[in-house]
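**Q** Listed here are the chains, written in short residue letters.
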Amino acid sequence: MHALEKILARAADVATTHAGEILNCRIDIAGINDLYLQTKRSFLEMGGTRIHAPQNVVMFLDHYAPASTVSQAGVQKEFRQFCAQQGVGHLMDVNRGVCHQALLDAGLSKPASLIVITDSHTTMHGAVGAFGTGVGATDLATILLTGKLWLRVPEVVRFTLHGTLPAGVFAKDVILRILGELKADYAVYRAVEFTGPAVSAMSQSERLCLCNMTTELGAKTAYIQPDAVTAAYLAARGAAPSPAPLTTDPGYTYADERAYDVSACEPQVAAPSSVDNVAPLAAHAGKPVDQAYIGACTGGRLEDLAEAAHILRGRHIHPRTRLVVSPASRETLLAAIQAGYITTLVEAGATLVTPGCAACLGIHEGLLAEGERCISATNRNFPGRMGHRNAEIFLASPASVAASALAGEIADPRPYY
Amino acid sequence: MTLLRGRAFVYGANIDTDQIYPAPLLTITDADKVGEHAMEGVDPAFIKECRPGDMIVAGTNFGCGSSREHAAVTLRAAGVSAVIAASFGRIFFRNAINLGLPVLICRELHTHVSRGDWLTLDPATGQIVDETTRQHFQAEPLSGYVLDILRHGGIKPMMRELMRTKGPRS
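So the protein lines, in turn, are chains A and B. FYI, numbering that gives the first Met the number 0 numbers position 404 of the first sequence as 403, with every residue one higher than the one before it. FYI, numbering that gives the first Met the number 0 numbers position 107 of the second sequence as 106, with every residue one higher than the one before it.
Since the hints were derived computationally from the structure, they do not count as laboratory data. As the structure is a prediction and not an experimental result, all values here were calculated from the model. Incorrect hints may have been included.
[To be verified] The list that follows gives simulated cross-link-like pairs (lysine to any residue, SDA-like), each with its CA atoms no further than 20 Å apart:
{"id": "1", "chain 1": "A", "residue 1": "K147", "chain 2": "B", "residue 2": "K165"}
{"id": "2", "chain 1": "A", "residue 1": "K147", "chain 2": "B", "residue 2": "E160"}
{"id": "3", "chain 1": "A", "residue 1": "K147", "chain 2": "A", "residue 2": "R25"}
{"id": "4", "chain 1": "A", "residue 1": "K76", "chain 2": "B", "residue 2": "K165"}
{"id": "5", "chain 1": "A", "residue 1": "K76", "chain 2": "B", "residue 2": "T28"}
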């Protein structure tokens with residue numbers, strides 16, 4: 000069995016399982032975010048009175064953090080009351096940041112656990128050896144009722160990354176390149192595993208970026224076998240050392256296997272308006288940029304802010320460009336303040352906004368006007384994703400975004416390395 | 000399950016949930032109001048032309064993107080009786096089934112059907128007839144578990160029945 004299959008088998012109390020089987024699984028962490036008041040509504044509509052295992056439930060007020068309309072404030076108020084009434088184990092209020100990073104920072108995202116959140120980027124938790132997957136509001140409500148959810152055991156595909164990333168090229172560039180080649184529906188219903196020397200050499204932050212973006216390949220979940228880097232990352236966040244990571248049995252058959260040499264990778268961008276419309280950044284270099292955005296569960300971690308600060312230290316962004324920075328979480332923000340990155344970025348002309356989902360999905364804090372162009376360290380560039388549907392979004396690494404903010408146009412970060 | 004009949008609205012690949020239902024309107028939870036914005040980002044004429052029973056036919060990866068159940072709610076509220084696509088974003092697929100909206104995979108349908116064609120669909124078998132062109136198609140049959148949810152009219156009636164008969168811990 001694959002490690003992911005072992006997680007599901009254990010959660011369903013069966014000895015073995017295989018791809019294609021439908022299992023009714025006990026959920027270790029059930030997360031709700033503030034977009035989906037329907038979760039509470041569905042829970043009540045299905046006859047729910049008490050949450051089955053409230054200690055396993057995490058409520059995130061991250062997408063509307065803090066509320067920018069009265070209706071958003073109303074949603075958050077209703078969720079806070081629901082949490083208090085039901086004794087929900089963890090309420091991550093508007094000061095905590097994007098759900099996925101907040102869960103990691105609280106030590107709640109752990110190897111071998113089954114994590115289900117009402118957010119598509121839950122695949123990210125595969126980077127610590129968990130089975131993380133996103134669902135809709137009513138699916139989550141069934142977990143609140145029963146503690147369980149039916150899941151189809153996915154086939155697993157494996158990408159082996161060889162070589163050494165050149166300076167100024169990052170995990171985001173690698174995953175964009177893969178997206179450009181394999182396209183946005185390559186991994187629908189399947190799981191994506193990353194392995195190989197280039198993955199072992201990556202920081203935990205970079206691995207989280209890889210797994211986060213597998214959602215854009217259509218993946219159900221992602222996986223990287225935990226190692227010493229993972230253990231150190233989790234220990235620093237107080238995650239309990241158990242359960243121990245699971246491992247894949249020798250001889251497990253992958254549905255597809257691909258190998259990439261990252262040594263030849265150069266900075267990439269996904270051009271409007273599809274995540275798989277990928278080209279080397281050079282193909283779009285020189286296009287004027289109105290907004291540059293660094294943030295979200297994809298590109299707002301401490302290491303991402305460090306790269307931006309490295310490029311912007313002692314410099315100032317171009318007058319025609321605004322740079323919006325939204326750290327992924329409260330802990331990210333605190334660490335970035337201590338390291339001096341926030342001072343560097345703000346002195347360089349950045350606009351700092353609340354840790355949270357913000358403009359990544361066009362809710363608030365940095366929306367785009369008609370005809371504007373944005374280069375963004377986030378995960379999606381669909382029409383209207385960050386504001387007006389006739390605004391252009393280019394997805395890139397945080398370093399490419401910072402270099403572009405400086406130049407006022409899409410620019411290669413490698414000259415700064 | 001009964002035979003479904005309606006006109007086709009045909010779209011291409013990668014119709015994402017932001018286009019099916021816009022994020023700034025996610026605070027709305029009243030289904031009828033959610034239905035007023037169906038497909039707004041991809042086809043503003045859709046909501047004016049869609050009649051109860053009509054079907055969406057699309058290319059690969061329909062409903063990719065976010066986990067928002069609103070994307071399935073809005074289509075159902077607009078009167079859509081089924082979505083037939085070459086493949087689906089997996090969360091959209093689950094959300095639609097949970098709401099009792101049949102979603103079926105048929106690889107070639109979107110390349111053979113035109114907007115306005117009258118379609119009939121048997122969700123239990125996956126048989127599709129384009130009455131306008133008199134062509135027959137076969138969608139991939141749905142799994143037993145999924146059909147069971149659809150026969151109940153969605154996961155909510157199914158869970159209500161479960162709660163009544165077995166209690167919440169089953």
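**Q** Next, verify each hint and record whether it holds.
**A** Do the hints match the structure? See the list:
The straight-line distance between the Cα atoms of K147 (chain A) and K165 (chain B) is roughly 15 Å, inside the 20 Å bound, and the hint therefore holds. Of the supplied pair hints, the one linking K147 (chain A) and E160 (chain B) holds, its CA atoms being roughly 16 Å apart against a limit of 20 Å. Between K147 (chain A) and R25 (chain A), the direct Cα distance comes to roughly 4 Å. Compliance with the 20 Å bound is thereby established for this hinted pair. Of the pairs offered as hints, the one joining K76 (chain A) and K165 (chain B) is violated, with about 33 Å between alpha carbons and a cut-off of 20 Å exceeded.
Under the criterion of a C-alpha separation no larger than 20 Å, the hint pairing K76 (chain A) with T28 (chain B) is consistent with the structure, at around 15 Å.
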